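Engineer: Here are the chains, one letter per residue:
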Amino acid sequence: MDTKLLEFVGLLRQNGVRVSFAESMDTFNALDLVGLGSQRGVKDALRATLVKRAVDVPTYDTLFDLYFSGVGEIVKNAEGRSMDALDMDPSAYQEMLDELARFLEEQGIEPSELTQALLQQDRARLERLLRAAAERAGVQRIERTFQEGQFSQGMQQALGVGDVAQELQMISQALGEGEPDARRQQMGRFVDRRLQELQEMIRRLVRGELEQRDVGQRDAARMQALAEKSFYYLSEDEIRRMKEAVTKLAARLKNVLAVKRRTSRKGKFDVKDTLRKNLQYGGVPFKIRFDRRKRVKPQVVVLCDVSDSVRNVSRFMLQFVYSLQDLYSKVRSFIFVSDIGEITKLFEENEIHQALDQAIRGNVINVYAHSDFGRAFKMFHRDHLASITRHTTVIVLGDARNNYNLPHEWVLKEIRQRAKQLIWLNPENRMTWGFGDSEMDRYMPYCDVVEECRNLNQLYRVVDRMVIG
Amino acid sequence: MFASIEDVIARFAGQQYICNRTIATVVFLASRLRKPILVEGPAGVGKTELAKVLAGALGNELIRLQCYEGLDESKALYEWEYAKQLLYTQILKDKIGEVIAGTQGLKEAVERVASQDDVFFSERFIVPRPLLRAITSATPSVLLIDEIDKADTEFEAFLLEVLSDFQVSVPELGTIKAKHVPLVVLTSNNAREMSDALKRRCLHLYIDFPDREQERAIILLKVPGVAERLADEVVGAVQAIRKLDLKKTPSISETLDWTRALTILNVDTLDAALVDDTLATILKYEGDIRKAQQELKDHVAKARAKAAAPAAANAPEKDVLH
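Going line by line, the protein sequences match chains V and P. Numbered according to my numbering, the first sequence spans residues 1 to 469. Numbered according to my numbering, the second sequence spans residues 1 to 322.
No lab work stands behind these hints: they were computed from the structure. Being a predicted model, the structure only gives us computed values, none of them experimental. One or more hints might be untrue.
[Stated by the list, open to error] Okay, derived cross-link-like pairs now, SDA-like style, lysine to any residue, Cα gap no bigger than 20 Å in a straight line:
| id | chain 1 | residue 1 | chain 2 | residue 2 |
| --- | --- | --- | --- | --- |
| 1 | P | Lys93 | V | Gly282 |
| 2 | V | Lys277 | P | Lys84 |
| 3 | P | Lys247 | V | His353 |
| 4 | P | Lys247 | V | Glu244 |
| 5 | V | Lys248 | P | Leu244 |
| 6 | P | Lys243 | V | Glu244 |
| 7 | V | Lys248 | P | Asn190 |
| 8 | V | Lys76 | V | Leu119 |
Given these sequences and hints, build the entire structure.
Structural biologist: What follows is the structure, given as structure tokens:
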């Protein structure tokens, strides 16, 4: 039992659940108290001692079921299938098994352990034999689907399936000798099925092991692949998953920042506050106060280009920014193609995804026009420049492809003078900046930070810097 | 002391708290292994309640420490009552004068005073905060540390130290060891991740929203006099609402509020208008209310149809006539 438990702990760790050594010690104590009788009890006890984060609970539950019930379930199901195939109920089934045992005795046939277990439907022994064979064949080393066949073969060899097949055939022949009555025929059918059943059990066991490996790794790998995928090339399905990924990422960032923000900087000795607080003690300074440097929450203004080429990126950028709303004191967002419109109200009134859909569909500005950054900037300057203060971070998201219109970069100059920082995010590859109608080289000098922003990882880095800075 | 997991369930039921087997198992383990329990879960699901019920079931005192940002050692462990000390000094000025009468020079005077200083730094002038109260408690107690995720990391480190040894050194009084190690329950709303060291020390319990049968049982227990049919309808409605994507999902405490409100209004069964009016008791955001209204209209209509179906089967003749 102990080795099994340690193996299970190893499996959990493999799938991303953090378990330390001390926790595995607690597990043994807990199991002593709860006893191994009820599976539910064991599951609860192990969960309480091994799983320390709420996010890991579903992974743990799946793995527990896969790992501990695995072989037992397989054997039980095989029995069920046999009974159904022969169209018998449990009591008739048992009768037949007993008769078969008597027959074998009469005939003087002494089958091997595995055959015996198969013919007697000795569940416990079958489980034990299967598990032992699985270990000998090293099935826990399986990692990929195409290895299933290989490990199945290995298990068959370890069990000695070839010998079993021969024995079963011999018995089947013995049953068919002479004039077989209905009973004998039934037993004959049962014996014939046994080999098939055994192979099926082996197959399922190997599959079960494979699934265990997969549970955590699959998700982690998928997340990683998604994070690297360029926003341009997303399929419908990936867009949906990207939405979830962005939400998760935002939650993670919030967590990190909540901790960072907590470390309040203790400043200098604050005379006024100390005196005020110690008036109750007659002015004797029992409690010393320091001035706490206040962390002002940044304000953010986002200008997103929503022309065809950049639409996907803008969408996720806005979603990310709005998921992190609580970390800013104020978020104002604008979209533009050739004219600019504010969409802050949409996010206040609607839920994120609806607001994004409405914004990008064209209710606010004309999304079918050709990009004209200069004109959009001029409009922004005319209507909204006054709202930018020295606490504001301004983010512009666009590919700077201006269709050879006037760039009006002086607007950026003025924005930068007023704001805390001006960040430009370009979803295009850095190599193409400045080529064709791209005005990046004109806009770049006026920005504090210019970043490439093509996939989720880059987006994360940018927002990380944006919120900390 | 709990005899078994069944004992836990029985005693909790005696305290009007319905718990499932998982909760009972963890509580049993914690009481036997003397390990703290870290309870996580959405708001309103019964985490704080669990600690209160645990204290009641064991017949122990409940000592509560509410955490918040900026909570520090002095507010959690103990504080000296400076005002009282000053006051006593003022009042006893004459007596103090007597004590140092006849001394030659400052040094001797200070020594004379120092030999008496344990008067002012004694248990008389210490204000025990929850942690010290739990340690010095003469009877076994249950210590509830509520919303530990709101406290900062320095406090967590300090708490870890206290929880590992259950002894405290007050420089003036010496080391105080706990006579009875209290049973500790920490609750967290998952606003942030706890430090690994703290989590390692505790048994972990995740309480999720209750399922249909459990919620129904809880309503029937906590709101006496509620019609069973109403309880069923309420549970059905709330379970349907929970499946929606809301800003704040209603939990069991909101369900109970709603049921109580409906009972006060003397309602037997739900209808669309009533639901609209009382939805504000379970949903706190405008956006959520709008989303739920639509969902519930369909739900109530369906429930109405299902209830009406057997009745309609009984009276087909009447319909033909009409």
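Engineer: Now tell me if each hint is right for this structure.
Structural biologist: Do the hints match the structure? See the list:
For a cut-off of 20 Å, the pair hint linking Lys93/P to Gly282/V stands: about 16 Å separates their Cα positions. A threshold of 20 Å between alpha carbons decides the hint, and for Lys277/V with Lys84/P the separation of about 16 Å falls inside it, so the pair holds. For the proposed pair Lys247/P and His353/V, the alpha carbon gap of about 13 Å is at most 20 Å, so the pair holds. Using a Cα cut-off of 20 Å, the hinted pair Lys247/P and Glu244/V holds, with the two alpha carbons roughly 16 Å apart.
Only pairs whose Cα atoms come within 20 Å are accepted, and Lys248/V paired with Leu244/P is accepted, the gap being roughly 18 Å. At roughly 17 Å between alpha-carbon atoms, Lys243/P and Glu244/V fall within 20 Å of each other, so this suggested pair holds. At most 20 Å may separate the alpha-carbon atoms for a hinted pair to count; Lys248/V and Asn190/P meet this at roughly 14 Å. At roughly 14 Å between alpha-carbon atoms, Lys76/V and Leu119/V fall within 20 Å of each other, so this suggested pair holds.
Hint check: no violations occur; every hint is consistent with the structure.
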